[in-house]
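Undergrad: Single-letter residue listing:
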Amino acid sequence: MKNLIGLLFFIFGITSLSAQEIDGDLLKIKSRMDAINEFSAELQLDLDAAFINMPTKYASMHYTKGKDTKFSSDDFVVLPKRGLDFAFSELFEHPFITVDRGIETKNNKEVKVLNVIPTDNQSDMALATLYLDVKNERISASEITTKKNGTYALEMEYPDLDAILPSQVQVSFAIEKLKIPLNFMGSDTDIDRKTMRQMDTKTGKITLLISNYKIN
Amino acid sequence: MLKATRLSKTYKSGKALDNASIHLNSGQISGLLGRNGAGKTTLFKILCGLITPETGTVSITSNKHKPIGAVIEEPGLYTYLNAYDNLKVFSQIQGAPTDIGTLENCLKEVGLPLNRKDPVRNFSMGMKQRLGIAIALLNNPDILILDEPFSGLDPTGVASLGTLIKQLADRDIAILLSSHLMTELHKVSDDLYIIDNGKIIDHGLTQDIIDSQVTLYTITGKNIENANVIQPYIVQKEKNKVTLRCESTAISDILKTLLDNGYNITACIPNITLEQLLNPVSK
Amino acid sequence: MMLALLKTEIFKLFRESKTWYAIAAVLLIELIILVAAYYQGAEILDLLLDNLQQSFYFEGNLLNGNLLLYIILNSLWFNLPLILMIVSSSLITEEYKNGTLKTLMLQAVDKRQLILSKFIASLLFTVMMLLLLMATTFVLAYGIFGTGDLVVYLGTLNFFPSEEAFNRICLAFASGTISMIFFTTVSITLGIFLKESAKTWIASAFFLILSSLLLKANFGWGTVERYFFPKLTNSWQRFFEYEVAATSIIIDNMVLIIYIISVVLIGTYYFKKQDVG
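Chains as they are written, first to last, in the working numbering: chain G, 686 to 901; chain D, 5 to 287; chain X, 14 to 290.
Don't read these hints as lab results, they were simulated from the structure.
For glycine and all other residues, C-beta sits at the position ideal for the given N, C-alpha and C.
Any given hint could be a false lead.
[Claimed, not checked] Below, computed lysine-lysine pairings styled on DSSO-like, alpha-carbon distance capped at 30 Å:
1) D/K203 <-> X/K229
2) D/K7 <-> D/K170
3) X/K25 <-> D/K7
4) X/K285 <-> D/K68
5) X/K25 <-> D/K16
6) X/K229 <-> D/K19
7) X/K20 <-> D/K19
8) D/K121 <-> X/K286
9) D/K112 <-> X/K286
10) D/K16 <-> X/K229
11) X/K31 <-> D/K68
12) X/K229 <-> D/K7
13) G/K890 <-> G/K832
14) X/K31 <-> D/K19
15) X/K229 <-> G/K887
16) G/K820 <-> G/K890
17) D/K121 <-> X/K212
[Said to hold, decoys possible] Here are the in silico distance ranges between beta carbons for each label pair:
18) D/G208 <-> X/Y283: 55 to 61 Å
19) D/R175 <-> X/N92: 53 to 59 Å
20) X/K110 <-> D/Q235: 55 to 61 Å
21) D/T277 <-> X/K208: 49 to 55 Å
22) D/N23 <-> X/Y34: 48 to 54 Å
23) X/I215 <-> D/S17: 43 to 49 Å
24) G/D805 <-> X/L44: 50 to 56 Å
25) D/N23 <-> X/M267: 19 to 25 Å
26) X/Y283 <-> D/T277: 42 to 48 Å
27) X/K208 <-> D/Q171: 34 to 40 Å
28) G/P844 <-> X/I270: 52 to 58 Å
29) G/S757 <-> X/A230: 46 to 52 Å
30) X/K110 <-> D/R175: 31 to 37 Å
31) G/D731 <-> X/I215: 51 to 57 Å
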């Protein structure tokens, strides 16, 4: 009996110990990220969604550790809230645990799949799946399910083997129950909230080309 | 100058003009006498080409750019413009001169003041008539047609318009004017057409027509009511004014006797009513 | 001769107080629409971008001069034609009413040229009004609300960069002017047929309402319906489709011009044929 209890404690201990652990590869990546205190870059945005037509847009961004990333543009730009968190600062902001899901091949590359689960209610994130490029110590893709803001998938491309900041990010997003007034600014301008078309879940992609990094 | 032959026009309300023929000569003032609704305006509109007759022809001998000038019914004017601008607008559209000198002459010719700069809507009927005539005379037409030009005018207005019309006839313009009042026409018109129910029922020199029909004369003169020679004829007697009933052949003898007796006669007006002309008594 | 007639028509038009009332009314309407457009624009954006805002950052201002111009464009096409139709039709009905048409016809004037000069005067007036309106709305909208991207919903959310939005709005004004000329031309022809101002106004308003009802109606007649005039009067809106179907819009406007010419010919023929007075 004592042994049994001991075994149980042992099992629980292992589980809890391993559950509280954060994957070592992720920690390495995190420390690389943490080394970046500030950077600025130029963005080129291409939005590809069936319900939105928008020309290619340009903006500049400025990241400072611990602060909200700032964007500026002469044009009107639509930026995915999640996709621009290249430093994954929001991901790592609140306490979390990771679960190793093994090795997968994604885009002809071996990647380590991790689930990131927040252990704290403060985080908007419900679950994240990260695809780690272990060899180059960086994240090659991620899927983040948020509590309020839907699901995002990010795919990163890097300019060279050493880079920690991507040169291209593709953000896939889905918006549920997009409401658009039927006759919005058509031949008559009356807006009737009741007649708004309930649209199905809409998906889209934003491709960001990031250049001209200035890292401090 | 103008010869209209056997004109007919029917409206929904009935026959407005029935085989009417008329001719005008230069320098001659012709009158068209008839009740309201007798067909005077319809005839004028046909003569001016505003409406097309069902039958009949209008032939005009003129080499003018605008052969006929006319004022039909009320003079149609741009009431928000002043007299000068009205003239200018109507001159411009037909290529008539629009310089200040010419336009001011046009105003003077019809006796309109040059210093009235206010819109025509403020004008009296007489002034509107005069402006209408000035517009009708633009481009020097050979023929002038005036529809009821005396209506709405006070006696002074009637007299001075009559003088103006006579002056125009002196310039060899053929003039045709209509009225439903004999008194207005007999003073100015050389010959007379009488129209009733769309038909021209009589035509001749104004004086002849009056002579053939008139039986009443009003004679004015100092103490005329006491003259012996007129006593058998008197129907009405006032101070210095009598109305006599006699044949037109007798009136000249009566007048001669009065003059011989030393009476100073200031006027002898034949009293003739439209009714008499429309329902002539054969003598 | 034609030129003299046209000059006279324009002179008379601008000497009539009615014309100035109409211009004042149009400018006042424009101002009211501008204010309404500001609040409406805010509401539309709020509504439209509400869902998107959960997922996206918006950088830049969408409630700008271009959006207001677009809303004004939408709001004008019912109010404006009515006023322009009243002014245009009075070019002929006032002449009937005051007997001046008779005076005109008693001068050495060609009937056909006279009525054509009225059609052209109305065309010029319409173009002038549109230019005035365009200039003032541009100044007000850009002056107060600045420039920026234009967002339009026509089946999809279309975003246009400021400069492109400006070009599209200019083209829409140009195309809208042709629609406007169609309506004013119709009102003159109605005036020729009806002669009386009030009757013509009622007929004009009726025509306008009918057009806007037919614009929304769908009969499923295919090509016939495509070239049916109410649909054509709305072709300015097609400049806000993401891909501008230039050829198709040009064809639509050409067909509308053919309608305009036909209406002029019908009006001229009837005017020439009918008795005056």
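Undergrad: None of the hints should be skipped; say for each whether it holds.
TA: Okay, the hints, checked on the actual structure:
{"no.": "1", "hint": "D/K203 <-> X/K229", "verdict": "59 Å, violated"}
{"no.": "2", "hint": "D/K7 <-> D/K170", "verdict": "22 Å, holds"}
{"no.": "3", "hint": "X/K25 <-> D/K7", "verdict": "36 Å, violated"}
{"no.": "4", "hint": "X/K285 <-> D/K68", "verdict": "23 Å, holds"}
{"no.": "5", "hint": "X/K25 <-> D/K16", "verdict": "35 Å, violated"}
{"no.": "6", "hint": "X/K229 <-> D/K19", "verdict": "50 Å, violated"}
{"no.": "7", "hint": "X/K20 <-> D/K19", "verdict": "41 Å, violated"}
{"no.": "8", "hint": "D/K121 <-> X/K286", "verdict": "38 Å, violated"}
{"no.": "9", "hint": "D/K112 <-> X/K286", "verdict": "37 Å, violated"}
{"no.": "10", "hint": "D/K16 <-> X/K229", "verdict": "43 Å, violated"}
{"no.": "11", "hint": "X/K31 <-> D/K68", "verdict": "37 Å, violated"}
{"no.": "12", "hint": "X/K229 <-> D/K7", "verdict": "60 Å, violated"}
{"no.": "13", "hint": "G/K890 <-> G/K832", "verdict": "20 Å, holds"}
{"no.": "14", "hint": "X/K31 <-> D/K19", "verdict": "40 Å, violated"}
{"no.": "15", "hint": "X/K229 <-> G/K887", "verdict": "28 Å, holds"}
{"no.": "16", "hint": "G/K820 <-> G/K890", "verdict": "28 Å, holds"}
{"no.": "17", "hint": "D/K121 <-> X/K212", "verdict": "34 Å, violated"}
{"no.": "18", "hint": "D/G208 <-> X/Y283: 55 to 61 Å", "verdict": "43 Å, violated"}
{"no.": "19", "hint": "D/R175 <-> X/N92: 53 to 59 Å", "verdict": "55 Å, holds"}
{"no.": "20", "hint": "X/K110 <-> D/Q235: 55 to 61 Å", "verdict": "58 Å, holds"}
{"no.": "21", "hint": "D/T277 <-> X/K208: 49 to 55 Å", "verdict": "38 Å, violated"}
{"no.": "22", "hint": "D/N23 <-> X/Y34: 48 to 54 Å", "verdict": "50 Å, holds"}
{"no.": "23", "hint": "X/I215 <-> D/S17: 43 to 49 Å", "verdict": "26 Å, violated"}
{"no.": "24", "hint": "G/D805 <-> X/L44: 50 to 56 Å", "verdict": "55 Å, holds"}
{"no.": "25", "hint": "D/N23 <-> X/M267: 19 to 25 Å", "verdict": "54 Å, violated"}
{"no.": "26", "hint": "X/Y283 <-> D/T277: 42 to 48 Å", "verdict": "44 Å, holds"}
{"no.": "27", "hint": "X/K208 <-> D/Q171: 34 to 40 Å", "verdict": "37 Å, holds"}
{"no.": "28", "hint": "G/P844 <-> X/I270: 52 to 58 Å", "verdict": "56 Å, holds"}
{"no.": "29", "hint": "G/S757 <-> X/A230: 46 to 52 Å", "verdict": "47 Å, holds"}
{"no.": "30", "hint": "X/K110 <-> D/R175: 31 to 37 Å", "verdict": "34 Å, holds"}
{"no.": "31", "hint": "G/D731 <-> X/I215: 51 to 57 Å", "verdict": "54 Å, holds"}
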